[in-house]
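Whenever a hint applies, use it, and build me the whole structure from the sequences.
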Amino acid sequence: MPPAPLFPAPEHARIAHPRAHWYVACETRELARRPIARTLLGTPLVLFRAEHGAAAALLDRCAHRNLPLSAGAVVGERIECAYHGWQYDGAGRCRRVPALAEASDHKGRAVPAFATVEQQGYVWVFGEPGVAPTSTPFRFPHLDTPGYASARFASEATATMHAVLENMLDVPHTAFLHRGLFRAGPKRAITAVVRRFADRVEAEYVGEPRPSGLVGRLLAPRGGTVQHFDRFLVPSIAQVEYRLGDSHLLITNALTPVDDFHTRFVSLASFRLPLPAAVVRAVLTPLARHIFRQDARILAMQTEAVRRFGGESYVSTDVDLLGPHIWRLLKQAEQTEIRPDTAGPELEKRVELQV
Amino acid sequence: MPPAPLFPAPEHARIAHPRAHWYVACETRELARRPIARTLLGTPLVLFRAEHGAAAALLDRCAHRNLPLSAGAVVGERIECAYHGWQYDGAGRCRRVPALAEASDHKGRAVPAFATVEQQGYVWVFGEPGVAPTSTPFRFPHLDTPGYASARFASEATATMHAVLENMLDVPHTAFLHRGLFRAGPKRAITAVVRRFADRVEAEYVGEPRPSGLVGRLLAPRGGTVQHFDRFLVPSIAQVEYRLGDSHLLITNALTPVDDFHTRFVSLASFRLPLPAAVVRAVLTPLARHIFRQDARILAMQTEAVRRFGGESYVSTDVDLLGPHIWRLLKQAEQTEIRPDTAGPELEKRVELQV
Amino acid sequence: MPPAPLFPAPEHARIAHPRAHWYVACETRELARRPIARTLLGTPLVLFRAEHGAAAALLDRCAHRNLPLSAGAVVGERIECAYHGWQYDGAGRCRRVPALAEASDHKGRAVPAFATVEQQGYVWVFGEPGVAPTSTPFRFPHLDTPGYASARFASEATATMHAVLENMLDVPHTAFLHRGLFRAGPKRAITAVVRRFADRVEAEYVGEPRPSGLVGRLLAPRGGTVQHFDRFLVPSIAQVEYRLGDSHLLITNALTPVDDFHTRFVSLASFRLPLPAAVVRAVLTPLARHIFRQDARILAMQTEAVRRFGGESYVSTDVDLLGPHIWRLLKQAEQTEIRPDTAGPELEKRVELQV
Numbered sequence: 026m027p028p029a030p031l032f033p034a035p036e037h038a039r040i041a042h043p044r045a046h047w048y049v050a051c052e053t054r055e056l057a058r059r060p061i062a063r064t065l066l067g068t069p070l071v072l073f074r075a076e077h078g079a080a081a082a083l084l085d086r087c088a089h090r091n092l093p094l095s096a097g098a099v100v101g102e103r104i105e106c107a108y109h110g111w112q113y114d115g116a117g118r119c120r121r122v123p124a125l126a127e128a129s130d131h132k133g134r135a136v137p138a139f140a141t142v143e144q145q146g147y148v149w150v151f152g153e154p155g156v157a158p159t160s161t162p163f164r165f166p167h168l169d170t171p172g173y174a175s176a177r178f179a180s181e182a183t184a185t186m187h188a189v190l191e192n193m194l195d196v197p198h199t200a201f202l203h204r205g206l207f208r209a210g211p212k213r214a215i216t217a218v219v220r221r222f223a224d225r226v227e228a229e230y231v232g233e234p235r236p237s238g239l240v241g242r243l244l245a246p247r248g249g250t251v252q253h254f255d256r257f258l259v260p261s262i263a264q265v266e267y268r269l270g271d272s273h274l275l276i277t278n279a280l281t282p283v284d285d286f287h288t289r290f291v292s293l294a295s296f297r298l299p300l301p302a303a304v305v306r307a308v309l310t311p312l313a314r315h316i317f318r319q320d321a322r323i324l325a326m327q328t329e330a331v332r333r334f335g336g337e338s339y340v341s342t343d344v345d346l347l348g349p350h351i352w353r354l355l356k357q358a359e360q361t362e363i364r365p366d367t368a369g370p371e372l373e374k375r376v377e378l379q380v
Numbered sequence: 026m027p028p029a030p031l032f033p034a035p036e037h038a039r040i041a042h043p044r045a046h047w048y049v050a051c052e053t054r055e056l057a058r059r060p061i062a063r064t065l066l067g068t069p070l071v072l073f074r075a076e077h078g079a080a081a082a083l084l085d086r087c088a089h090r091n092l093p094l095s096a097g098a099v100v101g102e103r104i105e106c107a108y109h110g111w112q113y114d115g116a117g118r119c120r121r122v123p124a125l126a127e128a129s130d131h132k133g134r135a136v137p138a139f140a141t142v143e144q145q146g147y148v149w150v151f152g153e154p155g156v157a158p159t160s161t162p163f164r165f166p167h168l169d170t171p172g173y174a175s176a177r178f179a180s181e182a183t184a185t186m187h188a189v190l191e192n193m194l195d196v197p198h199t200a201f202l203h204r205g206l207f208r209a210g211p212k213r214a215i216t217a218v219v220r221r222f223a224d225r226v227e228a229e230y231v232g233e234p235r236p237s238g239l240v241g242r243l244l245a246p247r248g249g250t251v252q253h254f255d256r257f258l259v260p261s262i263a264q265v266e267y268r269l270g271d272s273h274l275l276i277t278n279a280l281t282p283v284d285d286f287h288t289r290f291v292s293l294a295s296f297r298l299p300l301p302a303a304v305v306r307a308v309l310t311p312l313a314r315h316i317f318r319q320d321a322r323i324l325a326m327q328t329e330a331v332r333r334f335g336g337e338s339y340v341s342t343d344v345d346l347l348g349p350h351i352w353r354l355l356k357q358a359e360q361t362e363i364r365p366d367t368a369g370p371e372l373e374k375r376v377e378l379q380v
Numbered sequence: 026m027p028p029a030p031l032f033p034a035p036e037h038a039r040i041a042h043p044r045a046h047w048y049v050a051c052e053t054r055e056l057a058r059r060p061i062a063r064t065l066l067g068t069p070l071v072l073f074r075a076e077h078g079a080a081a082a083l084l085d086r087c088a089h090r091n092l093p094l095s096a097g098a099v100v101g102e103r104i105e106c107a108y109h110g111w112q113y114d115g116a117g118r119c120r121r122v123p124a125l126a127e128a129s130d131h132k133g134r135a136v137p138a139f140a141t142v143e144q145q146g147y148v149w150v151f152g153e154p155g156v157a158p159t160s161t162p163f164r165f166p167h168l169d170t171p172g173y174a175s176a177r178f179a180s181e182a183t184a185t186m187h188a189v190l191e192n193m194l195d196v197p198h199t200a201f202l203h204r205g206l207f208r209a210g211p212k213r214a215i216t217a218v219v220r221r222f223a224d225r226v227e228a229e230y231v232g233e234p235r236p237s238g239l240v241g242r243l244l245a246p247r248g249g250t251v252q253h254f255d256r257f258l259v260p261s262i263a264q265v266e267y268r269l270g271d272s273h274l275l276i277t278n279a280l281t282p283v284d285d286f287h288t289r290f291v292s293l294a295s296f297r298l299p300l301p302a303a304v305v306r307a308v309l310t311p312l313a314r315h316i317f318r319q320d321a322r323i324l325a326m327q328t329e330a331v332r333r334f335g336g337e338s339y340v341s342t343d344v345d346l347l348g349p350h351i352w353r354l355l356k357q358a359e360q361t362e363i364r365p366d367t368a369g370p371e372l373e374k375r376v377e378l379q380v
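Protein sequence lines, in the order shown, are assigned to chains A, B and C. For what it's worth, the working numbering labels the leading residue of the first sequence as 26, then goes sequentially. For what it's worth, the working numbering labels the leading residue of the second sequence as 26, then goes sequentially. For what it's worth, the working numbering labels the leading residue of the third sequence as 26, then goes sequentially.
Hints were generated in silico from the structure; no laboratory data involved. Nothing here was measured: the structure is a model prediction, and the numbers come from that model. Be a bit skeptical, because a hint or two may be false.
Where chains are identical, the list cannot tell them apart; a pair therefore holds if satisfied intra-copy or between any two copies.
List time: in silico BS3-like cross-link candidates among lysine-lysine, alpha-carbon distance up to 27 Å [what the hints assert, rightly or not]: (1) Lys132 <-> Lys356; (2) Lys212 <-> Lys132; (3) Lys374 <-> Lys212; (4) Lys374 <-> Lys356; (5) Lys132 <-> Lys374; (6) Lys212 <-> Lys356.
Have a look at this one:
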C-alpha cells in the first residue's frame, strides 16, 4: 500500500553502535544531589552519586514495575524508585523492598550497572553493562601542561555520530558554510596527507599559509606557515590541531551517541597562544557557538532528508578526506576494543584541495 | 538498521482484550442531544439517544464513505452522517440515503451495533457487536441500601488496564507513594490472605489495626480493628472495602479499556459512617483526586518506560499480592464469559507484609 | 501484541500513483529568485529558475551529503547546496564542487531532473524523472476565447487524490453538505447519464431545471433548463460545467497528489455570463472558498477515519456515479500513458437521483 519509493535508498544511514567503549555521560558539575537521566546508544541510564560520592550509572528502569529510577530520589548512597520505594546501590543491587518481610538483596532484583570514571570534570560511562573494562577513558591533552590554558563548550546535534564526526573534521565545508571565519580571500590549492592507523585517522594539511580568516588571525597574528591536523580517534574523539612556532591550539571534541539520530558532545580547547587566556576565551567561546549553530542547522536538515528518503545516498569525492575512513573505523569498533596503534599508518594518501 | 536493543523486553506488555463483556462507556448525564465519541478496546464508537431516548452505540464509521458518525447530528431518533446525510437507527440499520430514489434499508449499508444498558447513572456497552449478551452489567452495591450514602469520581490514566487494576489494589505503594494518607508512624507486620475464585481474586488483611493515616481516621475516628479487602472482579472492577463495626466504606472502580495504553474509570464510593454524608463527601472527593493524581503520574511514567523499552520486564515478590492473579483472570476473560463463582476459592495463600 | 483489530479494513485505501503524467507544481508567480520545495507523489522536489529563467525541477537532495537543495540558493542559473556549495544546472548536472581541483561534471554526481512546462500561469512537472515526455500538460480551456473571463483559486486537502476527485464531482453531497448553495426547496428527481471513455468519465444531468440555489441564480438569473456535466480527465482534472443558452461556466480543477494523504489543487473558472466579470469574480471566489472549507473539513475527517481503521471500507450505491470509474481510470493511468479517446464511450448508463 505505501507506494514503492521512487528513490529507494541504496544504503541505509551510516549508524554504528560501538558499545564496549567509554563515553562522556555528563559534566561533573551536573551531577549533584538529584539523579539525572541520560541516554547512551539508545539505552536510558540514570546517573547518581552513590558510595562516597562516586558517580554511578544504572539502567534507568526499576526491576519491579519498570519506573524510570531517574524519577526517584537519592536516599543516602542509594537510588530509590518513586513507586514502591525499592532502593538500589551504585552496583545496581537491590538493597530495600519496603513492604517485604524477608531480605531484599535477591539477585533477580538487580538492575544492570555500567562502569564509570570521573576525571577532568567529566563523568565517563562504559557502554556495555556488567563488565569491568580493561581500557580507560580518553584524557584531554595539555589540561595540566604549564603554559596552556583551556576553554570548554558543549552542545547537541540532531544527527548520527558519523555525520557529526565528518562535519567536525571536514575542511571543504568550512571554506563554504563558514566563509570568512576560517579562510578568506582568493582560493588556493593546498595538499592534505591522510594517514589511517589502527586506532585513528588524520589529515595533515601541508604547507598551508596562515589561514586568512578570524581563526587564523587569532592563532598567528603575525602570519607564518601553519601545521594543521584534523584527527579522529576511535570511537568518538574529533580533534582539530593548529601549530605555528610556539603557538598551539588543540580543540578536542568528545562525542556521545545518544541514539541513532542524536549526538551530544563536549569540546575542550587547550591552547598556548601569544594572547592572554581571557582574551582567547572571550573570542573562542562565542566563535564556537556561532560556528556550531551553523553546523547544527545543516546537520538537522541532512538528518531530516536522510530519514525522509529512508536512508543515505551519498556520493563522495577525493576531498571527502576522512568520512569514509571514520566509517570504517567505527564499524571495526563495534566488534573490538581499541588497540592503541603501534604498527604505524596502514594507509597514506596525498590529496589536492582548493580552499 | 535499528540497533539490536541492548535490553530486549523478555515479555511484551500485559495487555488483555476481553471483548465480550460490559464496560462503562459514559455517564448518563453526558449523553444528551448530541452524539458523543468513545473508544472501547481500540474500537471507535458513537453513542446517541435513539428510539424513546434509549442509549445506542454504533461503530463510529459511516458505511458509505467512512466519516465518523459522531461528527454528524442526531435527527429524531437517528444519527445522520455529516457528508451525504445517510441516517442510521439505534440498531445500526441504514434508514435514509437522501439522493437515492429506491429504498435505503439495504443490509449491506448497516453499521455494527453494540448492546447497551443504562443503569445507576451510567451507560454500559458490550464490547462485541451484533450479539445479544446473556450476562448483565455489574451493579454498584449499596446504592439503594438505607443508611448508605455515596460519592462519585471519574478519571483516565495513560496505562494498560492491567497496570491500573494492579495499582488500585496494591497496598505496598500506598505506604510509600501515598505516605501519610493511608498509613503513618512506624511500620508493622500484617497478614494478607489471598483467595482466587473463578470470577475474582481478593486480598483480605487480617487483624490490621485501624490505619493510622487520614483514611483510617475518617473510617474509624475511635480506632479499632479493621476488616480490609482489596478485590478484583473480572474483567474490570477494582474494589476496596473497609469495615469496622457498623462502619462500612466500599469504593468500587469500574474500568474501561480505551485502547492498549489508555484506561478510563468511574469510581463509586458507598459508605455508612459515623459522620454526616456531606462531611464524608467533602473529605473523600478531594482526597480521591489527590491520590489519583499521584498514581496517574506514576502510571504514565511506567507506561512511557514500557513503550520505550518495547515491553515490560517485571520482577514480582510475594507482596505483589494480586497483580499476577489479575493477569491470569484477564487472559481467561478474553476467551470466555464470566461464570459467577459457585465452587469457592481455587487458591488460598497467606503472606506477611511490612506496612 | 497489538490486538487483532475488531474491524479489519476489507480493502486498503484507494491510493493510486500515476507517475508518468503532468501535474501542477506551483504557480508562475510563486517561482522567483529563491528555490521552492514541493512534493509530488511523495517525492521531494526543488523548483528554481535555471537557464534563461526556465523553470527547473530536480530531486530535492544533494548528491553529496543529501541536504535538501531547496535550503540552498540560486546562483546565476544554478542551484547551490548550502553545505559544501555544490552547484547543479537545470538538467541536474553537477557543475561545481568548490574544493575539488579536478572537473566537477561527473555523471555520478548528477541529481535526477524532472521535465517542466510553464504555461497559462502554472509550472507543470512530469512525475517520472529523466525522461522526455511525449505528452503535453493539460490546457485550461477558454482562457483566451473572446467573451470569456476567468477566476483562479487554489487550496490543499488532507485526503487521497481519489477522495478529492470524488468529492469535487459528487452531486449528492452538494444537496446535503452545501444545502442551499447549489439546490434549495423541495427535492426533485433528475436523470444522470454516465459515460466512460478511455481517457475520462463524465456524468451529464439531463433536463435539470435551473438549480434553485445561489450558483443557479448566478448562472441563469432568468431561469431555464441547464446543461450540467461533471467530468474527470485522467489523471488529475476534475471539471464541472454548466451551460444555459449563451451562458457558460466551466470550473476546472487540476489536482496534484502531494503524498498519499495530501492533495493540492488549482481551480480555474472560465465563464461567459450575463453579468460583469468583476461581479462574477466577487461572488465566485468567496463562494469557492466557503464551499471548499466545508469539503476540506469533511475530507480531513474521512482521511482520519480511514487511517485510524487501517483502510477504507466503503459501500457505494447507484448514486455514487463517478467514484468507482475514477478509481478504475486512475489505476489504468499507473500503467500507461493517456491515449486521447477516439473510440467513443466504452460504457453508458442512466441513473435516477433525488436532489
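To see whether the hints hold, each was checked on the structure:
no.	hint	in the structure
1	Lys132 <-> Lys356	neither (35 Å within a copy, 29 Å between copies)
2	Lys212 <-> Lys132	between (65 Å within a copy, 25 Å between copies)
3	Lys374 <-> Lys212	within (22 Å within a copy, 73 Å between copies)
4	Lys374 <-> Lys356	within (21 Å within a copy, 55 Å between copies)
5	Lys132 <-> Lys374	between (54 Å within a copy, 25 Å between copies)
6	Lys212 <-> Lys356	neither (35 Å within a copy, 55 Å between copies)
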